[in-house]
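Enquirer: Below, each chain spelled out in residue letters.
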Amino acid sequence: MIAFPQPLTSVAAPLNPGALMDNVDTDAIIPSREMRSTGRTGLAEGLFAPWRYTNVDARTLDPDFALNQPKFARAQILVAGANFGCGSSREHAVWALAEFGVRAVLAESFAPIFHDNCIRNFLLPITLPRPVLERLAGERLMIDLAEQTVSAGGESHAFAIDREAKQMLAQGLDAIDFTLDQSDAIKDWIKSDRTERPWIYLEAQA
Amino acid sequence: MSRTLFDKIWDSHVVVNAGGGGTALIAIDRVFLHERTGAAALSRMAEMGRVVLDPARVFAVMDHIVDTRIGRKDGTLMQGGEGFITETRTACKTAGITLFDVNDRDQGIVHVISPEQGIVLPGSTLVAPDSHTCTQGAFGALAWGIGSSEAEHAMVTGTLRIARPKVMRVQFDGALSPHVTAKDMALTLIARHGAGGGAGHVVEFAGEAVRALDMEGRMTLCNMATEFSAMTGLIAPDAKAFDYLAGRPYAPAHFDDLYWDGLISDDDAQFDREITIDASTIAPMVSWGTSPAHTIPIDAAVPSGPQRAHDYIGLSPGTPIAGTPLNAAFIGSCTNARLSDLRRAAGILKGRRIAPSIETALAVPGSMAVKREAEAEGLDAIFEASGFEWRMSGCSLCFYAGGEGFPEGARVISSTNRNFEGRQGPGIRTHIASPETVAASAISGMIADPREFA
Ligand code: SF4
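Which chain is which? The protein sequence lines are A and B, in order. So the first sequence is numbered by the numbering used here: it starts at 15 and just counts up by one. So the second sequence is numbered by the numbering used here: it starts at 365 and just counts up by one.
Okay, chain A solo, but in the shape it has when bound (with noise of 0.2 Å):
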């Protein structure tokens, strides 16, 4: 697995210039008809088509998005504003901006599947101040995982990450491989819960 790179240092491409946006949703991050197979590759090109291309079929680019401009093009933070990564809960969305080479999102709140789908492969979601992001916005950052610390020139901002989360990031854990360690805890709880629920526990099909 790929740990988190420790430090990251990139430009931090904002979505946007001028205001940060709001509300972007896992349909413009990765449209729906560019989940083309049931894997998790060939999705980059998909990333936010709806902006990033004028003629989608044809893939001609919008020079004005962001991502589209030299400075932008090998971004590896994106900085957005509130509730980033909202609507429908596919991982794909995930998938394309690690494809893409994004490694964090800097933004002012998180959807709440889409923050746990960056966890899980190893993207690093992290809330802070508005005031802040728009300062960050097209700066060079540097992201330091172990110091929890985003510092861009002479300014550095701390941010918070679940204590778990972190140690998945920092170290490139798998969560099922993670979990299964604790096969035996499992089996006990559902050994119990059968006799207190058993109604949960359903006969397997014939």
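Note that these hints are calculated values from the structure, not bench results. These figures come from a predicted structure and were not determined experimentally. Treat each hint with caution, since some may be false.
Dumping the calculated SDA-like pairs for lysine to any residue here, alpha-carbon to alpha-carbon at most 25 Å [claimed, not checked]:
(1) B:Lys372 - A:Ala199
(2) A:Lys180 - A:Phe136
(3) B:Lys530 - A:Ala174
(4) B:Lys457 - B:Ala733
(5) A:Lys205 - B:Arg414
(6) A:Lys180 - B:Val520
(7) B:Lys372 - B:Val666
Knowing the structure of chain A, use the given hints to seat chain B with the ligand on it.
Expert: For chain B with the ligand alone, coordinates are given in the frame of chain A:
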């Protein structure tokens, strides 16, 4: 210590408390997949050589990209879509998962058929890789949407590792006015408190107006908790919930056990946040922009919002929303395509024709069971006589998968839950509202107040 309903469900599902970090290992009672995002979880599971812990508690359905035209087969109008269907079918068989297949008599939209089958139960935890899983919280379950990786985690381990959310109570006091519905309650909450208003919280819906809703209305209300950015919504189960579920295929025959009575928030339980709304102040609502928060009472004018939203939707501030000309109408989705929704829409459509400007008008039942019940009452004939096309069940044009779409550039009145840019197709402008508002507007050929058709 007194606890909220959420606290009780959470506490009773903690397998391991991670200690101090805030993350717990929570037991998951039910997993429900669909072909669009579930296929990715199933294929990854197979690739990793992992197996489902208890296949009897995992379900799947084909709903998102299935053809909804009468007489459908596996073929879907979405280019390359058939692979999702055939791969999901094979993977479900291999994994031993119960599948509601394309032409199964119990097929339907995941959040409609889960309660119909008695799969979601009060006090249980249920997850699905679909954001509207919160719909099922109407039965007093902790039901929420997750990603495909988490779905795989839940299937393989029977658990999820999650951080404990905060709890908010949204109380609707008083009574709704006539022709105002659960959809209008949800839209009012989001319009007044923002599309991010529920962030970090589980929302318990309570109060007189919530108790007064039937189970279908409660599902509509909980359905939009995700549009409020909440982890999920839930409602304490009462006799209506137990009566709905008793005896359904996967549910207990009765709910007499004392356990069920305990599924309420204690009187003095503390919530992290409380919002109170007077239900009598709610009007039929309709969205004007590109976020569910961009919603106004139907007799109001478009307010001033983000320029981008005005540009996309083509309406400037100050324009009355009623009277906006339309090209299409859609009644469907896990929000508003259950029997009572179809009945109320048909009540308005009966004896009337949709306006000539409406090029596409679709009525898509939430499940095949809903379709059969509606047909038994003759609702299909009313929809068809009015000019609506009557379909098989599925998500249909609630979202755009490619293939089938609305006419280019269409402005649609829709009983769905999302009015995002491009949600129903590139350039399509969506106005979300209740089924009766959709019906009234389809007849008028422009956004119209359902109270004028009652
Ligand atoms: S009906 Fe629409 S919102 Fe509901 S599950 Fe299907 S696509 Fe999602």
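Enquirer: Could you run down the list of hints and mark each one as holding or not?
Expert: So, going through the hints one by one against the coordinates:
no. : hint                : in the structure
1   : B:Lys372 - A:Ala199 : 20 Å, holds
2   : A:Lys180 - A:Phe136 : 10 Å, holds
3   : B:Lys530 - A:Ala174 : 16 Å, holds
4   : B:Lys457 - B:Ala733 : 24 Å, holds
5   : A:Lys205 - B:Arg414 : 22 Å, holds
6   : A:Lys180 - B:Val520 : 23 Å, holds
7   : B:Lys372 - B:Val666 : 43 Å, violated
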